Amino acid sequence: MKIFTNPFEICSEKRLLLVGLLATLFAGWISTCSSTLIFGSLKVINNYHQSYGQALINLAITLVSNSVILFAFARIRYPKTRLIDVFSVVFTAHIIIYILLGLTALPIVQESVRAVELEILDEGFQMPELEKIHQFTLGAIGVLSISLIIYFFYLLVVGMKIAMNSKSKWESVVLVLLVFIWNTCLQFLNLYV
Amino acid sequence: MKLPIYCPSCAQKLSVSKLLCTTCETEVTGKYEMPVFMQLSVEEQEFFMAFLLCSGSLKEMATQMGKSYPTVRNKLDDLIVKIKKLNDEK
Chain A
1 MKIFTNPFEI
11 CSEKRLLLVG
21 LLATLFAGWI
31 STCSSTLIFG
41 SLKVINNYHQ
51 SYGQALINLA
61 ITLVSNSVIL
71 FAFARIRYPK
81 TRLIDVFSVV
91 FTAHIIIYIL
101 LGLTALPIVQ
111 ESVRAVELEI
121 LDEGFQMPEL
131 EKIHQFTLGA
141 IGVLSISLII
151 YFFYLLVVGM
161 KIAMNSKSKW
171 ESVVLVLLVF
181 IWNTCLQFLN
191 LYV
Chain B
1 MKLPIYCPSC
11 AQKLSVSKLL
21 CTTCETEVTG
31 KYEMPVFMQL
41 SVEEQEFFMA
51 FLLCSGSLKE
61 MATQMGKSYP
71 TVRNKLDDLI
81 VKIKKLNDEK
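Residue numbers (UniProt numbering), protein chains in the order written: chain A, 1 to 193; chain B, 1 to 90.
Keep in mind the hints are simulated off the structure, nothing from the lab.
Computed from a predicted structure; not experimentally measured.
A portion of the hints provided could be inaccurate.
To be verified - Cross-link-like lysine-lysine pairs, in silico, DSBU-like; alpha carbons within 35 angstroms at most: (1) A/K169 / B/K31; (2) A/K169 / B/K90; (3) B/K31 / A/K80; (4) B/K67 / B/K90; (5) B/K90 / A/K2; (6) B/K67 / B/K31; (7) B/K90 / A/K80; (8) A/K167 / B/K13; (9) A/K2 / B/K67; (10) B/K31 / B/K84; (11) B/K75 / B/K59; (12) B/K2 / B/K31.
To be verified - Residues from chain A shown here face chain B by an in silico Cβ test under 7 angstroms; the list is partial: (13) F8; (14) S12; (15) E123; (16) I162; (17) A163; (18) N165; (19) E171.
A virtual CB, placed ideally from N, CA and C, is assigned to each residue, including glycine.
Just chain A, same shape as in the assembly (with noise of 0.2 angstroms):
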């Protein structure tokens, strides 16, 4: 139970730094195949065609910025914060990022998606009728993408603190602010290949 409450604690930072890094490079994958792509943490947008070596240049600008904003933080508060456990923290956590591309990239969504694309392109905005199975679809998609966002900004903290040795509330609460702003600017920056 510990390794999803937290893995942080029981799990070394290589073990979790490889984890990380082989979610990545399947998530790239991924993210070619169904041309979907993370744009910061907490955005997956459609028909982004990219290659592989695009992919994971993408979500290396996503991780390397967060890792990089997080251990600025981190080392103001913690001196012996360490980079290696920040990259860990913030690979593992984007797992669940991944998880949630991987729901996106899933047929019967894309299938949804699109009907609720093309009812807006006929009908417009006003009154766009969804068929039970496409509305049961995207409602479902929707609370497990909501839930697993949660989770990721759960394990985020959890490992942010045991990184900077934090003992504060608000330093919870700075972390998700800071994760919050940063994804906003990199989607205002727009670094993306």
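Please build the complex by placing chain B on the supplied structure of chain A, with the hints as guidance.
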């Protein structure tokens, strides 16, 4: 048996007032302060001993305890803070 550090009645720090030789049953009474090590919790004392036995290697300790390196380092940092506080209280 666990040595009580705090008074079960008022929660204040306890001191040693009586020592006993278990061989000849000589009793020494007085008012002695507990050493810093004894003022730590059992878990902290065990951690301290493990740290010594691992020659101060946090990596080795992490492996032995089945915990990650930063978890063990944080525990040690907290222990250092506590020992400094106990020393200042003297």
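Legend entry - 35 angstroms Cα cutoff - pair B/K90, A/K80: holds (29 angstroms)
Inset, instruction - Would you check the hint for A/K2 and B/K67, treating anything up to 35 angstroms between C-alpha atoms as holding? - result: holds (11 angstroms)
Legend entry - Satisfaction of hint between B/K31 and B/K67, Cα-Cα up to 35 angstroms: Violated, at roughly 40 angstroms.
Inset, instruction - Hold the hint about A/F8 up to the distance rule: shortest CB distance to chain B must be less than 7 angstroms. - result: Holds. Min distance 6 angstroms.
Legend entry - Interface hint outcome for A/E171 [beta carbon to chain B under 7 angstroms]: violated (14 angstroms)
Legend entry - Given hint B/K13 paired with A/K167 - CA-CA distance at most 35 angstroms: Holds. A/K167 to B/K13 sits at ~25 angstroms (cutoff 35 angstroms).
Legend entry - B/K31 paired with B/K84 [C-alpha distance capped at 35 angstroms]: Holds, because 23 angstroms separates the two Cα atoms, which is no more than 35 angstroms.
Legend entry - B/K31 paired with A/K80 [C-alpha distance capped at 35 angstroms]: violated (41 angstroms)
Inset, instruction - Starting from B/K67, check that the Cα of B/K90 is at most 35 angstroms away, please. - result: Between B/K67 and B/K90 the Cα gap is close to 33 angstroms, so the pair holds against 35 angstroms.
Inset, instruction - For the hint on A/N165, just tell me whether its beta-carbon gets within less than 7 angstroms of chain B. - result: holds (4 angstroms)
Inset, instruction - Starting from A/K169, check that the Cα of B/K90 is at most 35 angstroms away, please. - result: With a Cα-Cα distance of about 31 angstroms, the restraint between A/K169 and B/K90 holds, given a limit of 35 angstroms.
Inset, instruction - Answer holds if the nearest beta-carbon of chain B is closer than 7 angstroms to that of A/S12; otherwise answer violated. - result: holds (6 angstroms)
Hint violations for this structure: numbers 1, 3, 5, 6, 15 and 19, all remaining hints satisfied.
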